[in-house]
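Visitor: Here is how the chains run, residue by residue.
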Amino acid sequence: MAEERNNGHKWTMIVDLDKCTGCQACVVACHAENNVPISSEDEVIRGRANHWIRIERYWEGEYPNVKARFLPVFCQQCGNAPCEPVCPVYASYHSTEENVNIQVYNRCVGTRYCGNNCPYRTRLFNFWAPRFDEPLEQQLNPDVTVRSPGVMEKCTFCIQRIRRGREQANIEGRPLEDGEIVPACAQACPTDALIFGDKWNEHSRVAQMVPSERQFKLLENLGTEPAVYYLKGGETHVGE
Amino acid sequence: MIHFTRREFLKVSAAGTATAILAGCAQETERWVALEPYVRAPEEQLAGVPNWYASTCRMCPAGCGIIVRVMNGRAVKIEGNPEHPINRGKLCARGQSGLQLLYNPDRVTGAVRQEERGSRKFEPLAWNEAINTLYEKLDAAGDAVALWAGSTTSGHLYDLFARYAGAVGASAPLRHDLTSALNGVGTLTAANDALFGRSALPSYALAQADVIFSFGADFLGAWLSATGFGVEFGQFRSQPFGKRGLLVQFEPKMSITGAKADRWVPVQPGAEALVAAALLRIIADEGFGGPARAELAATLAGDVDLDAAAVTCDLALADLVALARAFAEAECPVAIPGGALAGASNGVAAVTAVQALNALAGAAGGAGGLGFMPAVPATLVAPPASSYADAQALIARMNAGEIKLLLVHGANPVYDLPPGSGIADALAKVGTIISFNPLVDETSALADYILPDRTYLEGWGYEVVQPGFQGLPVINSQQPVVGPFYDVRPTGDVLLTAARGIPAAAPALPWTDEVAFIKEQITALPKGASGGDDDEVRWARFLQHGGWWPEAAPESAAPELTAQGPVAAAPAAFEGDEGQYPYYLHLYPSVLLGDGRGASLPWLQGAPDPLTTVAWQTWVEINPATAQALGVDHGDMVHVESPHGAVEAPVYVFPAIRPDTVAIPLGQGHSDLGRYARERGSHALHLVGVTLDDAGANLAWSSVRVKITRLDKKQALARLESTIDPGEDIHVPF
Amino acid sequence: MADFLLLGLFDNVETTADVIDEVRALGVQDGQMTVMSNVPYPVKFFARKPVRLWFLPFVLGGAALGALVAFFLTYVTPHIYPIEVGGQGLRPVPPTAIIYFEMIALFSMLGAFASFLLQNRFPILTRRMYDERITDGYIGLEVRAPLTVAEQVVGVFETHHARVIKREDAAAFKPQGIRHLLFWGAVGTGGLVALLIPLLLSYDIVQIPWINKMDDTVVVGAQEGPRLAAPAESVPVQGPVFIAGEPATAPLPATEVSLQRGQALYGTNCAMCHGLQGDKVGAEVGKYFPEIPQSLAARAATLSDQDLFRVIRLGKNRMPGLAENLNPGETWDIVNYVRSLGE
Amino acid sequence: MLESRATVGPYWEKPVPDDEHLAQQVEHGREQHLMLDARPPAELNQLTLATMRQTGPRFWIALAGLGAMTLAFLTAWAIQIFSGLGITGLNRSVMWGPYIANLIYFIGIGHAGTFISAALRLMRMDFRRPIARAAETITLFGLACAALFPIIHVGRIWKLFYMMPIPNQRELWPNFRSALFWDMMAITTYLIGSTLFMFVALIPDFAMARDHTTGWRRKVYGALSLGWRGTDGEWHRLEVVSNILSFVIIPVMFSVHTGVSWNLSMAIQPGWHSAIFGPFFVVGALYSGVAAVILVMIIVRKTMRYGYFMREEHFNAMGIFLLILTLSWIYFYFAEWITNWYGNLPLEKAIQAMLTGPLAPMFYLMLFCNIVVPLGTLWSRRVRTSLPAMFIIGILIQIGMYIERVLIVAGSLSRNELPFNWVNYTPHWPEVTVTLGTLAFLGLLYMVFTRFVPIIPVWEVYEGQAMQESRRVGRAVVSTRTEVH
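Protein chains in written order, with the numbering used here: chain R, 1 to 240; chain X, 1 to 734; chain P, 1 to 343; chain A, 1 to 485.
Treat the hints loosely; a few may be bogus.
Simulated crosslink set (PhoX-like; lysine-lysine; CA at most 25 Å straight-line) [as the list claims (entries may be wrong)]: (1) P:316 / P:280; (2) X:243 / R:232; (3) X:121 / X:527; (4) A:14 / P:44; (5) X:404 / X:429; (6) R:217 / X:243; (7) P:316 / P:287; (8) R:217 / R:232; (9) R:67 / X:243; (10) P:166 / A:219; (11) X:121 / X:429; (12) A:219 / P:174; (13) R:67 / R:232; (14) R:67 / R:217; (15) A:349 / R:217.
If you're looking for bench data, these hints aren't it; they were derived computationally from the structure. What you are looking at is a predicted structure, and each value in this text was computed from that prediction instead of being measured.
Taking the hints into account, I'd like the entire structure generated from these sequences.
Guide: As structure tokens, this is what we get:
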């Protein structure tokens, strides 16, 4: 389905791979903002590390011409999301207002079908009840629910911030400004490798950056129409 | 309802139209110590409406500005302060995790006395009793008191301690911890002194640079001010006109800075000085970058064996020449020395050699990436960092029984110093040890009393930031964003109260509480960017905006080269016989855990290391070829032994490390520091001896060789990445 | 004349067919005879007319009902609550086809089965003429005949060596009537009620209390202590509320929006004492407090904006402070509104 | 006018030819073929019912063993519900594991029952007569056990009613676009259809049981037989309704396992996204299902002494059927494999590399069980008619097909588009307990069922016996089947 413009917003993230240093600031920021529980050492070993945003590191070449490439991966908020239609209870659906994938925790029955069908493997399952040693729970963001065991969760583009920002603009009777709404990861990113905005707002930074020639989408051949655009990393050669 | 977004708040308040009103009532300005009952809510404390407070991050010494989101009296999120000149609205993983220090389950909840040192059996102590004890001990100790502070001890506290020490005739507080050693603070300062006559930390304007040569400095990871450098790096990579900048990283083991470099040069440990000198030599010989630069290079370059230099970094000489040319012909080149380089036995020489490259930039009249912060026009100065030699001197005094009372704040010497320093034995000879640390760390476990200070989110303070960015001198503000979570008292108040009874100290410390002291210091500052004509307004603005800094960067000239003659290019010496100990040991601070103080925070423990994606563990990085020779693979336990000690850790086969080098991250291996850190991984500092560098002042922590023995054990690595080899067919999907 | 029911058991098909022929010759209608066996012998073995079958309408009706259910599920339900998933559109065809297939199959099978039950009038709830030896392989022939004929039929049975002959008054066998319909009606109603049980759950009418882990998730409520607000000295990002010496400004211009908000907030927070127009008219609480000015506008005219702001936030005399209810922005809206009262 | 060849006397009293040679042939025919070996129904009724009531010590030991395993399964399930799915070995990449493989497997073994019964019925194959019920019962309980697995599998079992086609308080219905919903619909349809089909055929047998039992059993059977008397009208309608149900249920049967396969192939997971999965799974299901029916036949024959009903001819026929299915399955597996191999897509190659690499033992065991053994032995009539051999082959095929399902589900999932996220799967104790426990539960249900319900559809046997007889043609005696319709 081609991208059909509606009255909503097309929230879009741009990931500049040239700038991503893999420093994990976004990862921790996301844990803090979205009450993502920490997986213990054993859980990590069992392959259950849960981060809504993870920085994949790929090696290229061999010593001494070896390169490490960082690829931050989080829910791509696909336009044609493979995770959505497979959910038998509509726990995963597409918001026509924000044009992001919504995961409804209290509707989710935990079939994990969406998790299988996500080619990016960005959907996480709550295998256990999330644990926060007292008094760490004091930190929990009251805008975000702590997920119960048995439900799927994933990056929401910090929907709570989007809603707060939109309501604020509504109250003040003004249009949303670009940069007013920033998810926690993009806000933390020291090198500005993550840029967030409404692609349908022509004046937004993302709308201007998307046509970049460095731009590509992750697993574009699958036709999932992600709302996350990556900008290829470059390389400056000595003597240029 | 009018709620501004945070951004809007800042804009509005900066424009001077904030919701500030004149209240002619004097009672409003008094210090309000008691908790406000909720029937009379403090301003803005509405349910569901967040409140933001600007303050300072103290998870590392960089001094980033933060704003904390507070809801219903709970700090729920730390974000970067968009106005702050250092981090400019950004914040690293460690900064984000400060909340878990505030709400750490293992915090000491009040003043305690330890039954027996090391017993870890604590009995609660009423605060008046605790303060009385401090008073008695101070009184009894007289000038035989020593203060051991860390690099994140608040500036005001250091100043108060220093005033107290000065008043009673004790030696100045020692400010030394592993962070300062790893950052190479002493080495950098010494090198700058030697080259430019400036005994200060350098600041590098990377945003304007077009070529960066970094020698071992992981400035994007855990070096000095990673967030500030990160912001600058982002700008470096997105300069106008399609210029992307060239970053060359010289280091034996790839750091995340190396990963982002356009060229990663695996230089042999200890040979950095040689390479830097060789670059100078080539520039001078070839006349790269114009006569001014070449001439200057000629004065700095010594006699260097260029072929040997090329060999040490696995490069062809032509490549080295090309690199030298790229550096010399750049408009604004920067060379950054740091990391293991600063911990080498020729540390000062090596740092000087690299720093000398920066002198070239200035010579051509270019902007130059290297700079020094102009001094704050007031009495406030950054507290000096103590060298390892200072620490050794204090240890010697302890051993001699000259210290009756040791006060520890913000430092953890038992963990931070190699065991060879004898710190543990020395502590046993100290009459009384009082720790002010919020968690029971290795040093607090040996203390007699713990009078926990408030964490930085509950307490007051200021800090003179070093190094700065954008040429702006910055003094950070630190204010409580929430009420104290436990019955803990600010160490400043405790000290002021106790000192009141000590005749020698009382006149030097006349303030009723620390806030009065801070306010006095701050209101003495000239008008800064946030304005305010009146003391009260300036004070409020200082807190509101997260600190003081001038409106525009003061004029500052490019640093002038004062040194004469060629830089030394001698290679570093390593302990341990090459035959017996075949591998160089490369220690590095973990990007997440820093020097180890992050180990108590589950967010940092649980976040994967960027390059290995291992969480919760310590590992040994070994080149695939070396691993094959040793017959080890991922997760095999190995015994790493140096002439000074040994640790055990699982292997991570790391493709981006020299085959003659093994690397171990620092940060784990705590015997205390709460449930998340205890008995987890190993502490590679145990491999390090206590040799000093060429300046005779700093610990040469990167100057040992090790041998590796395979153990018949396995420890599954907690890797986020797949443990499956994808094989040849699978390509990186981008 | 009373009818009799006769039952004879015979060894095999040949004999039975002979008996039927002979009984038919006695004037007994085909419809008055029933053959019972443990093996499905076709009726033509006995030269009897096949029974009329009513399967087709039921199967077709079931299929139609299934199609209707499928139509509801695939066409109507997305309309009731439209949800976009995966860019597929609301009513994609391929999944629709699957649901149609399954539902038509299910309901046509149910229709066939229902038809089977109804045609056989199952369950038989009244007593019938029967002999247990029929399931041992003997063929039973039930004949309904008046007394006179019955005697002759018995004769025929005896001639053909019937193994057993039973004879009873037909009045002892009550007709089935609509009993089976009532039975299935009751079963159907029970089934429907059972099907409604999940609705009780899905409509949250019944909530199973013993397991709902979403209730147990870690949460810190807004009202839960300890709510440790920062001390008053701490200055939030939006700026201090009180700074001695700070030049006084009213941050919100009295715009239309501000006045509207102010009016609403005033109505909620102030009008019960001061009256909607500041004139104590309708002030149900205020009428007990004579010290409340009759004209708020006049009183406010004597105060600066900042004083008004302070009074609203901190209270004065017996007037409670509203700092807990209003944030500064809202307080300024009320200030603007109170100012506007006098105009 | 033709003369009826029937002599006077019941059909089971067949005349013996005078010619000794012919008499021997007739006797041989009786030994070989159940349909020719007519005996008095009274005797066979007693044979059927007597074994239902006998419960020796071995029965009780088996019952206790299966009961204990079922209990272990229920306990593991309860622990899993209360502590979360974390106790299983699933991980962030392999979110579906043996539970879904079990779903496929149990539907698979339940697959052949109704197919054998319905398809062979429509084709008028007489060898189905004694085994139809045993096969249908496998379907019923296989489906019931399979239906447990989506329930066991989900994270929030207490909200499972969201999946039913009913609205909630917001008028939100389930998503008919989800393959899981299709699957649920198909399983429900098949389960209901199979139950109806089985029940219809059971009515005359319930009537038989009613007539030959006393006490509470008689009452229960009386109620279940719905007042069946065996009148000509009742028989006629029963035949017709059975044919209609047979006719409808065969496509439904195909849709069920296609639906199950679509759960996988609708996902864009490499290794799953394949159009061949529908027919491939149907054939696989028939394969394991027929093997399961053979296993059940052997067990029922042995434990219930139904040697009279289940004879060599039946095992032979089933063996031939199994051989055909072996070949079909090999064909489909090869088609699937060569498509992946030839396509040379990196991820599909990675999955194949995994199967022949780290998972090679399982993979080759599967090939051995599913290809080598059946293909190597089933061509021999001696093997087909040897109960121990058929038992072993049946068990091997079960193992092989189970491995195949686990490899497809958990194996494929462990490889995905981003190699950073490849995680292998290792089962933990809950999966093992639940899987074995469910098998035991299936056995338990079956055991209990056979004690209450005639597992041989005696009326169908009688029908066949009544309609067949020996006839002399020339010098030979051949069996003649009476086509009555």
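Visitor: Give a verdict on every hint.
Guide: Hint-by-hint comparison with the structure:
1. Between residue 316 of chain P and residue 280 of chain P, the direct Cα distance comes to roughly 18 Å. Compliance with the 25 Å bound is thereby established for this hinted pair.
2. At roughly 15 Å between alpha-carbon atoms, residue 243 of chain X and residue 232 of chain R fall within 25 Å of each other, so this suggested pair holds.
3. Proposed proximity of residue 121 of chain X and residue 527 of chain X is contradicted: the alpha carbons are some 50 Å apart, above 25 Å.
4. Distance hint between residue 14 of chain A and residue 44 of chain P is fulfilled; the C-alpha atoms sit about 22 Å from each other, no more than 25 Å.
5. Only pairs whose Cα atoms come within 25 Å are accepted, and residue 404 of chain X paired with residue 429 of chain X is accepted, the gap being roughly 9 Å.
6. Taking the CA atoms of residue 217 of chain R and residue 243 of chain X, the gap is about 24 Å. The hint holds against a cut of 25 Å.
7. Distance hint between residue 316 of chain P and residue 287 of chain P is fulfilled; the C-alpha atoms sit about 18 Å from each other, no more than 25 Å.
8. For the hint linking residue 217 of chain R to residue 232 of chain R, the alpha-carbon distance of about 10 Å falls within 25 Å, and the restraint holds.
9. As the CA atoms of residue 67 of chain R and residue 243 of chain X are separated by approximately 21 Å, the hinted pair is consistent with the 25 Å bound.
10. For a cut-off of 25 Å, the pair hint linking residue 166 of chain P to residue 219 of chain A stands: about 23 Å separates their Cα positions.
11. For the given pair, residue 121 of chain X sits about 20 Å from residue 429 of chain X by alpha-carbon distance, which is consistent with the 25 Å threshold.
12. Of the pairs offered as hints, the one joining residue 219 of chain A and residue 174 of chain P holds, with about 21 Å between alpha carbons and a cut-off of 25 Å not exceeded.
13. At most 25 Å may separate the alpha-carbon atoms for a hinted pair to count; residue 67 of chain R and residue 232 of chain R meet this at roughly 14 Å.
14. Proposed proximity of residue 67 of chain R and residue 217 of chain R is supported: the alpha carbons are some 21 Å apart, at most 25 Å.
15. A C-alpha spacing of about 24 Å is found between residue 349 of chain A and residue 217 of chain R, which places the hinted pair at or below 25 Å, so the restraint holds.
Hint compliance for this structure: hint 3 alone is broken.
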